[in-house]
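Trainee: Below, each chain spelled out in residue letters.
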Amino acid sequence: GIQVEQSPPDLILQEGANSTLRCNFSDSVNNLQWFHQNPWGQLINLFYIPSGTKQNGRLSATTVATERYSLLYISSSQTTDSGVYFCAVEGMIKAAGNKLTFGGGTRVLVKP
Amino acid sequence: DAGVTQSPTHLIKTRGQQVTLRCSPKSGHDTVSWYQQALGQGPQFIFQYYEEEERQRGNFPDRFSGHQFPNYSSELNVNALLLGDSALYLCASSLGLAGVEQFFGPGTRLTVL
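Protein chains in written order, with the working numbering: chain A, 1 to 112; chain B, 1 to 113.
Pulled out of the complex, with its shape left as it was, chain B reads as follows (with noise of 0.2 Å):
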């Protein structure tokens, strides 16, 4: 049964540049989520997707954009890259959208110089 994947692994960028950041849901799963981990501190949601759909949105600028694809993989991309954009982030996946378990992926850590 394989779990949730993430590429690339690690990432080195320069400001002002676009990345794109791959998830694939664990087997089963229909949900994809996208969190953004800063050094110390705890995971914060970017945005979720069910259906090809943004769902459910946190606090990010427009910059950060996604999508979900038929097969329930998803994309995370942020434009015009920022200092503070260097960050580890995770992709999650469930079944279905409310009160469910959701398990996460090793995480893609981005530094933007």
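Here chain A stands alone, though its shape is the one from the complex (with noise of 0.2 Å):
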């Protein structure tokens, strides 16, 4: 099945820096997401992108499909951005249905 490595498997900040949070995947995909996952276990959606980029806030993401990668930035990080970012991906190659397979995470730390 399709791989997902995310890199680094931790970030430790200062509040205010930027920093920028990257996905790998070893096949083409139909659909890939960034998720925050907060210290409750609640997986929140940050960005649907299979490519191309967005921005919401002081998030953005941009996926290049072509090369199997995509990244996230965060910039100007708060206290409130700590928690555990997972990229998940469909592989495009697939029986019937849409499962996501996870990265192994990405824990941020961001400290005042």
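Errors might be hidden in some of the hints.
Just some of the chain B residues that point at chain A, by a computed CB distance under 10 Å [as the list claims (entries may be wrong)]:
| id | residue |
| --- | --- |
| 1 | G40 |
| 2 | P43 |
| 3 | A80 |
| 4 | A92 |
| 5 | F103 |
Simulated from the structure, these hints should not be mistaken for laboratory data.
Each residue gets a CB set at the ideal place from its N, CA and C atoms; glycine is no exception.
From these two lone chains plus the hints, build me the complex, please.
Mentor: What follows is the structure, encoded as structure tokens:
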């Protein structure tokens, strides 16, 4: 099946800093999503971005499908940005259904 | 607009018991998927239901079974619980099967003693 790798695994930032999280995937995809998991376990949708670039406030994301990677940018980080960021993909070659395959996550800690 | 809801929030069981978890999809959604998230790992796909049928299944034993009802809500059943079944169980919903955004519920945290 499709493989998803995220880097870095851990990231410690000072409040106000910018950062880039990376997601590499091994095959063509129908769907790519970025999530933020809060301390209570809730997965919050950040971006649905199988290709192209999107921005939402201080966050933006770019997926280059032909090169099989996606980037999540966090600008002017705040302590509330702390948590685990997951990239998840739906492979294009599939049986019926659209299961998401998750990467291992990037654990972000923003210090005040 | 109601999001994905799950019940119960937390559950404690002992080895060998059976458990049923419940999920109501986001309003307007017809597809429900279940994921298991062990501590410190990313969620793993269990199975997906559409039109009351299991459409795709991950690498989980037959002890894990499910059901989807006509109102699109779903249940996840786990029989003969093992200590290793302790995890956060997440339900996701979407409209349709392919290339669509999935939305997750808050999860059910299952502890097996």
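Trainee: Each hint needs a verdict: does it hold in this structure or not?
Mentor: How the hints compare with the structure:
Taken as an interface hint, B/G40 checks out: its beta carbon lies about 9 Å from the nearest beta carbon of chain A, inside 10 Å. Satisfaction of the interface hint for B/P43 is found here, the shortest Cβ-Cβ separation to chain A being roughly 5 Å, below the 10 Å cut-off. A distance limit of 10 Å between C-beta atoms decides the matter here; for B/A80 the minimum to chain A is near 24 Å, and the interface restraint is violated. Evaluation of the B/A92 hint against chain A yields a held restraint, the C-beta minimum of about 7 Å falling below 10 Å.
With a cut of 10 Å, the hint placing B/F103 at the interface with chain A holds, because the nearest CB-to-CB distance is about 6 Å.
Going through the hint list in order, the structure does not satisfy hint 3, though it satisfies all others.
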